[in-house]
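Visitor: This is what each chain is made of:
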Amino acid sequence: MIVPLEHVLLFAAALFFIGLVTVVSRRNLIMILLGVEVMLNAAGVVFVAAALRWWDIAGQGMVLFIMGVAAAEIAVGLTLVFRVWRRTRSLNPDSLKTLKD
Amino acid sequence: MTATLCLTLFAPLAGALILALGGRALPRAASGLLACLAVGASLAGAILSWAQLKDGQELAVHLFNWFEAGGLRVSATLLYNPLCAAMTTMVAFVSLIIHVHSLYFMRDDDGWVRYFCYLNLFVFFMQSIAMADDLVFLFMGWEGVGFCSFSLIGFWYAEPKNVLAGNKAFLVTRIGDVAFLGALAVLFSATGDLSIQHLSGNAPVMAAGTLTLVGLLLLVAATGKSAQLPLLVWLPDAMAGPSPVSALIHAATMVTAGVYLLIRTFPVLLHADAVALQAVAVVGALTAFVAACSALVQHDIKRVLAWSTISQVGYMFLGVGAGDPSGSFFHLLVHAFFKSLLFMVAGIIIQALDEEHDIFRMGARVRGLVPGAALAFFCGAAALAGLPPFAGYFSKGRILENALNMAQTGQGVWIFVWAAGTLTALLTAVYSFRVFLLAFTGRPAQPPETGTEKTPAAMLHVLWPLALLAVTAGLMDLPAHFAHLVGVPAQWLDHMTGLVPAAPHGAEWTGTVAEGLDAGLAVLGLVVALALYGPWREHRAPAPDRGVARFLLNGWGLDALYMNGVARPYVRAASRVWQNVEDRLVDAAALGLGSLALRAGGRLSKWGIERLSNYLLWLLLGMVAMLVVMAAIGIR
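Those protein sequences? They're chains A and B, same order as listed. Going by this note's numbering, the first sequence opens with residue 72, and the numbers climb by one from there. Going by this note's numbering, the second sequence opens with residue 4, and the numbers climb by one from there.
Wrong hints could be hidden among the right ones.
Claimed, not checked - Distance ranges between label pairs, derived from CB positions: (1) VAL631/B x TRP125/A: 23 to 29 angstroms; (2) ALA603/B x ALA85/A: 38 to 44 angstroms; (3) LEU123/A x VAL631/B: 27 to 33 angstroms.
Unchecked claim - Partial selection, computed: residues in chain B whose CB lies under 10 angstroms from chain A: (4) LEU615; (5) SER616; (6) ASN617; (7) LEU619; (8) LEU620; (9) LEU622; (10) LEU623.
To be verified - From the structure, some residues in chain A lie toward chain B, with a derived Cβ separation under 10 angstroms: (11) VAL94; (12) SER96; (13) ASP165; (14) LEU167.
Source of the hints: derived by calculation from the structure; they are not laboratory data. By construction, the Cβ of each residue, glycine as well, lies at the ideal position given by its N, Cα and C atoms.
Work the whole structure out from these sequences, hints included.
Guide: The structure is reproduced here in structure tokens:
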């Protein structure tokens, strides 16, 4: 492995943090979903790095799983976002407060 | 032997259970007969057991283990000795007569099955007291008779007055029971064993201080059950129950249970400091005197008898205190016969006069209404007064002779005890004949207010065995010089029970003096009663009760004293506690916690469900916190 593991982990952490901040701070449902995707991929990077570091193929297999889950998640998520758009004509998550009333 | 003892003890319990579970399904006559049969079986068992008992033998019969806790092993063990044999036989015999009498007395009552069920249950508990060796087993019987007494005093529960009388009896006797438990605790911590047999055996080697404490606690326990000072207030009110109940529970058996307990555990008193026996004697003498004074002025025939019961049980205490349990037991037996007779005859009269209790409204007409009642009542009253040669003369004379013997030691306390006992003998004779003369002779001093009712003659006829015993029971324990005259063994009861009197044998003359004095006082009482209340007495209303008479009528103001000194302050304190502690502390704390939770919930909900983005933020913060904690403590 050419790149040291620490560097990859730092990169993945930065990626995860970017996703997290996106999720928390954006007021757009699509951007929140994007943030979740970025966080998932940060985890995937760590898996790939670990697979290379210890020469274990299971890590790369796990990344394939994550991709599958991400695809399913984005499909369901976008459908929900679409339903929200149809209902409220807005993509702001804070407009979803019918449960409170 | 075990079989007959079990029959004695458990036949009444079986009767009570059958009546309780299926009594209503039985025909009326069958349930009554069943109750009588159960007690008859108990009597048969008692007699058969006695026949098998050898002289002076003492048997401990282990029936079954009851429970075991913290080193205390409680088992249903019986201690069968001649004293117990005589007691069980007396209890079963008197109970049987009272059961048969009740068949007639309660003939129109709706609570027929309930009545006989409680009556049978009572006999079971009373036999447990009479036979138990284990003091905890005895305590079960002790509480059981208390419960039956409570239920039967308030038997006619439709009237609140009766229920209150039952409550009073129950509560006042509980005070004595606390002392009983105290005695058990002291005994258990001192010896680790609660068997009467072991206790009697160990008493000579135990510390006198412990024995004194136990003896005094047992005395308090006995004063509760036997209605002695200071706990005597419940018995006069207990007359609210049916008359046969008064005869059984509040004259013949339960109220003498305290005396029986002291006789049974007499070695404790004997080896304790002298103060224990003195306390028993003083309580007995004082009670005898106080109650006799109150009996003098009562108008209600049953209340006269109730006060006289208290007074006579006081004599039994005096006998035990003077160190002669055998003489006390003699009086216990004799008293059971004549007092239950008196109560039941009184019950018949009350029924015949349609619930008239006032002796000033009775008079000679009663003799026509219930033929024979006057004779039966006279037998009982003469025995109560101690008129020779009725049974009470010998038993009470024996006790007073012992008191005189003790008085010769010159100690002030014994002189007081003897003087109180002797004075009471005179009062007893006066009130006994007063009630007899007022209730059965002359014209009623006040016009009768109630009608009359025909009573079945058999109701009286079943009482004749008791009347016969009231006359002749003295034969059981005649002193030698009387025994020669009639040709019966002298002091038979003493030899039979084998109870050794601890009282010193007095000089020759004390016996003669005591006997002469006793006979003289009884005759004097008869003369006084005749002079004041003879059949030729003036036909006028009794003087209104004022001053001393009112004081005595109300039982020396003890009721008022307890009401103002104990009950009312207690109720006041309880209501203070209710308002201050319950309402302002406990309730307020609970309510405060509740409203705190509500308000906190309201606050939280405000920033909880407002915005989805807040959820995410909190999720993040929570995760960070968890990670920080995990990083801090490390993961292994």
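Visitor: It remains to establish, for every hint, whether it holds in the given structure.
Guide: Okay, the hints, checked on the actual structure:
1. Taking the beta carbon of each, VAL631/B and TRP125/A are about 28 angstroms apart, inside 23 to 29 angstroms as hinted.
2. Checked against the given bound of 38 to 44 angstroms, the beta carbons of ALA603/B and ALA85/A, roughly 40 angstroms apart, stay inside it.
3. The hinted range of 27 to 33 angstroms is satisfied by LEU123/A and VAL631/B, whose Cβ atoms lie roughly 30 angstroms apart.
4. Interface hint status for LEU615/B: upheld, as the beta-carbon distance to the closest one in chain A is roughly 4 angstroms, under 10 angstroms.
5. The restraint placing SER616/B at the interface with chain A holds, with a minimum CB-CB distance near 6 angstroms, inside the 10 angstroms limit.
6. For ASN617/B, the interface hint holds, since its Cβ comes within 10 angstroms of a Cβ in chain A; the closest pair sits about 9 angstroms apart.
7. Given hint, LEU619/B at the interface with chain A, holds; its Cβ is 5 angstroms from that chain's nearest Cβ, closer than 10 angstroms.
8. Look at LEU620/B: its Cβ gets to within about 6 angstroms of chain A, closer than 10 angstroms, so that hint holds up.
9. Using the Cβ-Cβ criterion of 10 angstroms, the hint placing LEU622/B at the interface with chain A is satisfied: the shortest such distance is roughly 9 angstroms.
10. Because the smallest distance between the Cβ of LEU623/B and any Cβ of chain A comes to about 6 angstroms, under 10 angstroms, the interface hint for this residue holds.
11. The criterion of a C-beta within 10 angstroms of any C-beta in chain B is met by VAL94/A, whose closest approach is roughly 6 angstroms, and the hint holds.
12. Because the beta carbon of SER96/A sits about 8 angstroms from the nearest beta carbon in chain B, less than 10 angstroms, this interface hint is met.
13. Checking ASP165/A against chain B by beta carbon gives a least distance of about 4 angstroms; that is within 10 angstroms, so the hint holds.
14. Taken as an interface hint, LEU167/A checks out: its beta carbon lies about 6 angstroms from the nearest beta carbon of chain B, inside 10 angstroms.
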